[in-house]
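Visitor: Listed here are the chains, written in short residue letters.
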Amino acid sequence: MAKSDDCMHILQGLLVFGNVVIGMCGIALTAECIYVVSNPHGAYPLLKATESSGIYAAAWIGIFVGLALFALSILGIIGVIKASRTLLLVYIILMLITFAFEMASSITAATNQDSLTPNVFLKQMLERYQKSEPNNNSDNEVTKTWDELMRQNHCCGVNGPSDWQNYTSAFRSTHSDADYPWPRACCVLDAKGLPVNLDGCKLGVSGYYNSNGCYDAMSGPVNAHAWGVAWFGFAILCWTFCVLLGTMFYWSGIEY
Amino acid sequence: ELGTKPALTQDLEGVTTATTFVLEQPRCIFGNFSKAVIWLVVALDKDAPAFNNSAEPGTPETAFQSFPNAVSAYMTLNATLASYPCPKPAGDITVLRVGSETSCATDVSRPTCNGPLPGPGPYRVKFLALEGSVPVAETAWSAPITLRTAKPLSSISTAGGGHSAGMIAITSILSILLAILLAALVAMLFSCGSDSCGSSTFSKPESVSVQRYNTHHVYDQAAARL
Chain H
1 MAKSDDCMHI LQGLLVFGNV VIGMCGIALT AECIYVVSNP HGAYPLLKAT ESSGIYAAAW
61 IGIFVGLALF ALSILGIIGV IKASRTLLLV YIILMLITFA FEMASSITAA TNQDSLTPNV
121 FLKQMLERYQ KSEPNNNSDN EVTKTWDELM RQNHCCGVNG PSDWQNYTSA FRSTHSDADY
181 PWPRACCVLD AKGLPVNLDG CKLGVSGYYN SNGCYDAMSG PVNAHAWGVA WFGFAILCWT
241 FCVLLGTMFY WSGIEY
Chain C
1 ELGTKPALTQ DLEGVTTATT FVLEQPRCIF GNFSKAVIWL VVALDKDAPA FNNSAEPGTP
61 ETAFQSFPNA VSAYMTLNAT LASYPCPKPA GDITVLRVGS ETSCATDVSR PTCNGPLPGP
121 GPYRVKFLAL EGSVPVAETA WSAPITLRTA KPLSSISTAG GGHSAGMIAI TSILSILLAI
181 LLAALVAMLF SCGSDSCGSS TFSKPESVSV QRYNTHHVYD QAAARL
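Those protein sequences? They're chains H and C, same order as listed.
Residue numbers for the first sequence follow this note's numbering, so the first one is 1 and each next one is one higher.
Residue numbers for the second sequence follow this note's numbering, so the first one is 1 and each next one is one higher.
Keep in mind that the hints were calculated from the coordinates and are not lab data.
Where is the CB? At the ideal position from N, CA and C, for every residue including glycine.
Keep in mind that the hints are not guaranteed to be accurate.
[Unchecked claim] Mimicking DSSO-like on lysine-lysine, the simulated pairs with C-alpha atoms at most 27 Å apart in a straight line are:
| # | chain 1 | residue 1 | chain 2 | residue 2 |
| --- | --- | --- | --- | --- |
| 1 | H | LYS192 | H | LYS144 |
| 2 | H | LYS48 | H | LYS192 |
| 3 | H | LYS144 | C | LYS35 |
| 4 | C | LYS5 | H | LYS131 |
| 5 | C | LYS35 | C | LYS5 |
| 6 | H | LYS48 | H | LYS131 |
[Stated by the list, open to error] Which bits of chain H does chain C cover? Going by a derived footprint, with three or more residues having C-beta under 8 Å, they are:
| # | region |
| --- | --- |
| 7 | 70–81 |
| 8 | 103–116 |
| 9 | 120–130 |
| 10 | 201–207 |
| 11 | 225–238 |
[Stated by the list, open to error] If we take Cβ atoms under 8 Å as the criterion, some of the chain H residues that face chain C in the derived model are:
| # | residue |
| --- | --- |
| 12 | TYR35 |
| 13 | VAL90 |
| 14 | ILE97 |
| 15 | ASP177 |
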């Protein structure tokens, strides 16, 4: 008898500890997802234009899941200490629902990352950059975003300036190849925004043009955000799994 | 005929584009012809052997604007030897960009225009030194130069990049965990639905007897009041 009592108390202690950790992780998840949602990086308009901004959906779900985890962990602590069957049953069922939501968020963030290949951005850039009759506001946004991106990160195109040579584009249909082998934003610019050496830029002399592609600069922040949401959610769910199994075992051992 | 051939420059991103290419300047090649004017002759690869050195620059027979339909080779980029001083100062970029003048491309009054080339080629070029209209020296024809062709935009495939290992790991592990939890929930409810749980594992006899004691006590008190 005494031994099962000790087991009971140890299990209670472990469950309370587990729930405390879940509560804290819930707050951390909420904080991380609020950061991702409110801190769109420079390439956000491009993401919106590709209609592949699942990362933001995943982050919004993460905010609410984090708050739910915090509330449920308090419920769990109360239920474990009081050894109340009804409270713990409610806790288990609500936790399973939260588990399912967080699983959806984590998988969405991970899948979204896989779909953002360089070709997606390349095609969008060639179709819309400096489009002569912009269909809607998002074409202007794409042009402005690319100009900002290329100036600030000293890069050109997605893979490099040769993107503009290797493929036809909206830009090419309005700007002759001899005068604009690549856009002026690919040139090294002085303080006034004019190319330092226009001929050097057109020739492709190193030092007067940006030879790197922008894909790394773009995908870096997006990747960090998305994998942060996905993997942190995964870690929380693994811990929650253990706590829930323990709670179910504890529940089945409570005297009615 | 001088043995050297005109060559494309090295180490420039824009050495060939869709309508231009960049040649090394003919430095230290034409030795003693200080009065000569050096012209660049551009022809399609197949028309190069048929070119006659007595062709005069600036005439309709060598006008850029009629190339390549009516004219098989055009002459452009004229310069005196003074423009190509020898020896070449180290560190200077000495290039000739063929195809850079867009303003005169359709202006027939400028037949020696250095206009953008009309197609991907292949082209061959040579330098020809003329004194008056007498050819005095020339280089050999260059190797064939092919320009870049742009692939159509629609050929870029944006099919999904496949699934990374991380995404597969997350999906499969989480699905398994959820399945285990649901199975455990079902097992828990079924085996404990009839309140038969608890009696064999964690029994708390002291608390049970305390409950009964309280019940009796409350009933006694209620009876006593009455």
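Visitor: Take the hints in turn and mark each one as holding or not.
Guide: How the hints compare with the structure:
1. H:LYS192 x H:LYS144: At roughly 17 Å apart (the allowed maximum being 27 Å), LYS144 of chain H and LYS192 of chain H satisfy the hint.
2. H:LYS48 x H:LYS192: violated, 30 Å
3. H:LYS144 x C:LYS35: violated, 53 Å
4. C:LYS5 x H:LYS131: violated, 42 Å
5. C:LYS35 x C:LYS5: Given that 27 Å is the threshold and the Cα spacing comes to 22 Å, the pair holds.
6. H:LYS48 x H:LYS131: holds, 18 Å
7. 70–81: violated (count 0)
8. 103–116: Per the Cβ count (9), the hint holds.
9. 120–130: Coverage by chain C holds here, the residue count being 5 at a Cβ distance below 8 Å.
10. 201–207: holds (count 5)
11. 225–238: holds (count 6)
12. TYR35: Since the shortest Cβ distance to chain C is 21 Å, the answer is violated.
13. VAL90: violated, 13 Å
14. ILE97: violated, 11 Å
15. ASP177: holds, 4 Å
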